[in-house]
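Undergrad: With chain A fixed as given, assemble chain B onto it according to the hints.
Number of protein chains: 2
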Amino acid sequence: MTAAEIKFIKKLHQKKYRKEEQKYFVEGRKLYEEALKNCPDLIESVYYTKSEDQPENQKNSELISEKEMSRISALKNPSPFLVLLKMSPLNLTNSNRSLFLEDIKDPGNMGTIIRSADWFGIEKIYVSSECVDLYNPKVIQATMGSFFRVNFEETTATELASQSIPLYGATLDGESIHTIEFPDEVCLVIGNESKGIQENTAELLTRKIFIPGKGKAESLNASVAAGIVLFAMNR
Amino acid sequence: MTAAEIKFIKKLHQKKYRKEEQKYFVEGRKLYEEALKNCPDLIESVYYTKSEDQPENQKNSELISEKEMSRISALKNPSPFLVLLKMSPLNLTNSNRSLFLEDIKDPGNMGTIIRSADWFGIEKIYVSSECVDLYNPKVIQATMGSFFRVNFEETTATELASQSIPLYGATLDGESIHTIEFPDEVCLVIGNESKGIQENTAELLTRKIFIPGKGKAESLNASVAAGIVLFAMNR
Numbered sequence: 033m034t035a036a037e038i039k040f041i042k043k044l045h046q047k048k049y050r051k052e053e054q055k056y057f058v059e060g061r062k063l064y065e066e067a068l069k070n071c072p073d074l075i076e077s078v079y080y081t082k083s084e085d086q087p088e089n090q091k092n093s094e095l096i097s098e099k100e101m102s103r104i105s106a107l108k109n110p111s112p113f114l115v116l117l118k119m120s121p122l123n124l125t126n127s128n129r130s131l132f133l134e135d136i137k138d139p140g141n142m143g144t145i146i147r148s149a150d151w152f153g154i155e156k157i158y159v160s161s162e163c164v165d166l167y168n169p170k171v172i173q174a175t176m177g178s179f180f181r182v183n184f185e186e187t188t189a190t191e192l193a194s195q196s197i198p199l200y201g202a203t204l205d206g207e208s209i210h211t212i213e214f215p216d217e218v219c220l221v222i223g224n225e226s227k228g229i230q231e232n233t234a235e236l237l238t239r240k241i242f243i244p245g246k247g248k249a250e251s252l253n254a255s256v257a258a259g260i261v262l263f264a265m266n267r
Numbered sequence: 033m034t035a036a037e038i039k040f041i042k043k044l045h046q047k048k049y050r051k052e053e054q055k056y057f058v059e060g061r062k063l064y065e066e067a068l069k070n071c072p073d074l075i076e077s078v079y080y081t082k083s084e085d086q087p088e089n090q091k092n093s094e095l096i097s098e099k100e101m102s103r104i105s106a107l108k109n110p111s112p113f114l115v116l117l118k119m120s121p122l123n124l125t126n127s128n129r130s131l132f133l134e135d136i137k138d139p140g141n142m143g144t145i146i147r148s149a150d151w152f153g154i155e156k157i158y159v160s161s162e163c164v165d166l167y168n169p170k171v172i173q174a175t176m177g178s179f180f181r182v183n184f185e186e187t188t189a190t191e192l193a194s195q196s197i198p199l200y201g202a203t204l205d206g207e208s209i210h211t212i213e214f215p216d217e218v219c220l221v222i223g224n225e226s227k228g229i230q231e232n233t234a235e236l237l238t239r240k241i242f243i244p245g246k247g248k249a250e251s252l253n254a255s256v257a258a259g260i261v262l263f264a265m266n267r
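Just so you know, the protein sequences line up as chains A and B, in that order.
Last residue of the first sequence: 267 (our numbering), numbering continuous.
Last residue of the second sequence: 267 (our numbering), numbering continuous.
One thing to keep in mind: the hints can contain errors.
Intra- or inter-copy, both count: the list cannot distinguish identical chains.
What the hints assert, rightly or not - Calculated cross-link-like contacts (lysine to aspartate or glutamate; reagent style DMTMM-like; alpha-carbon spacing at most 20 Å):
id, residue 1, residue 2
1, K118, E185
2, K170, E225
3, K170, D138
4, K39, E76
5, K69, D205
6, K62, E250
No wet-lab data here; the hints were simulated from the structure.
In isolation and in its complexed conformation, chain A is listed as follows (with noise of 0.2 Å):
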């Protein structure tokens, strides 16, 4: 491994680097296997640290040591595996179905709601400007493979509702979710984890919808709430 290679992707641990160079990594051997299955063509190079790991046909695989894997890994613990990647849309089916993430910061909620999307078969997140990095790898580890199932598109409330696709948002002052019906073309809104959706935001929802509780908690967990609200639509 050269200390060029090593440099550039210990840049790529920053967004504006991966955002410059359109690329990113990932890490372990089971986001290797998933990139694999998912988008091999996407793969630019692997490096490994243990020989019997070393990956069959595949092109610019790499073994290294241990202390060059930690120096450009991004895990206090490295993996055995880092795969780095060309970011580019994947080949999917469109379905009508969609979520938009608004100002979603935590990198654990964003990738475990990326990974309820893909369990629940959507395959289109918006997300707005504020959200966290999706190629944060904080964010890619936490989706499970699910990162390479799905697509990404940054856009805005307004944008979408000027394409007349009915937005239903989760907020603490909607209609039951228990007796909506979720049309077959609808893109589910999912708020701040502090701050819930955006008032402009809340205008242009076509409906409101709520998860009932009973207890005294104030709110849901984001990924929670979002993992509620892509269960019912799938009753």
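TA: Okay, now just chain B, sitting in the frame of chain A:
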């Protein structure tokens, strides 16, 4: 703040000493307010860094320096409040519905599940001995105050089954949750993040339930699955 007090709270960063002393701490104004609302008698002392924050009518409250706070805090960015509490069961009405968490390891998942339980009115959570410590500061932070509205008890699935409590478990091979009716008395079993419910425990389940998906994800995040089952139980 005396050196002995600083040393005492620093010791409480470790599970071992929390257990030995039967004391723990929480940080942040929000958690202090929740403790005040839900279990004022369990508050032993309150440390705060800004004189304008002095709590009214609070015994044992002490203004300390930011330097002292950073020594006793478990947070990267210490908050202006740290509250010392004693461990003790809360005075709650016993509902017939409960959760059994088996080997939940991630503090964020544990805290999020407690928050969802509170949202859906569950006041009793059983935990296996292999779960992350409930008094771990990251767990408490993730509950967003719900920690003070739920009682906990360490137990085993065998013990619960011997009390004839119907155990419903979220598995990958159960009946679809869409058609399941939940009895008035039921304990929901949520398994470990990566291994799911243990085989021995699965044999004790009254009913296995499954959350049907559409996509290619292998599973849902444990706290999302718990949230969905709690939601379905409240339809």
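Undergrad: For every hint, state whether the structure bears it out.
TA: The hints, checked one at a time:
no. : hint        : verdict
1   : K118 x E185 : within (16 Å within a copy, 49 Å between copies)
2   : K170 x E225 : both (17 Å within a copy, 17 Å between copies)
3   : K170 x D138 : both (9 Å within a copy, 15 Å between copies)
4   : K39 x E76   : within (16 Å within a copy, 52 Å between copies)
5   : K69 x D205  : neither (42 Å within a copy, 24 Å between copies)
6   : K62 x E250  : between (37 Å within a copy, 12 Å between copies)
In summary, the one numbered hint that this structure violates is 5.
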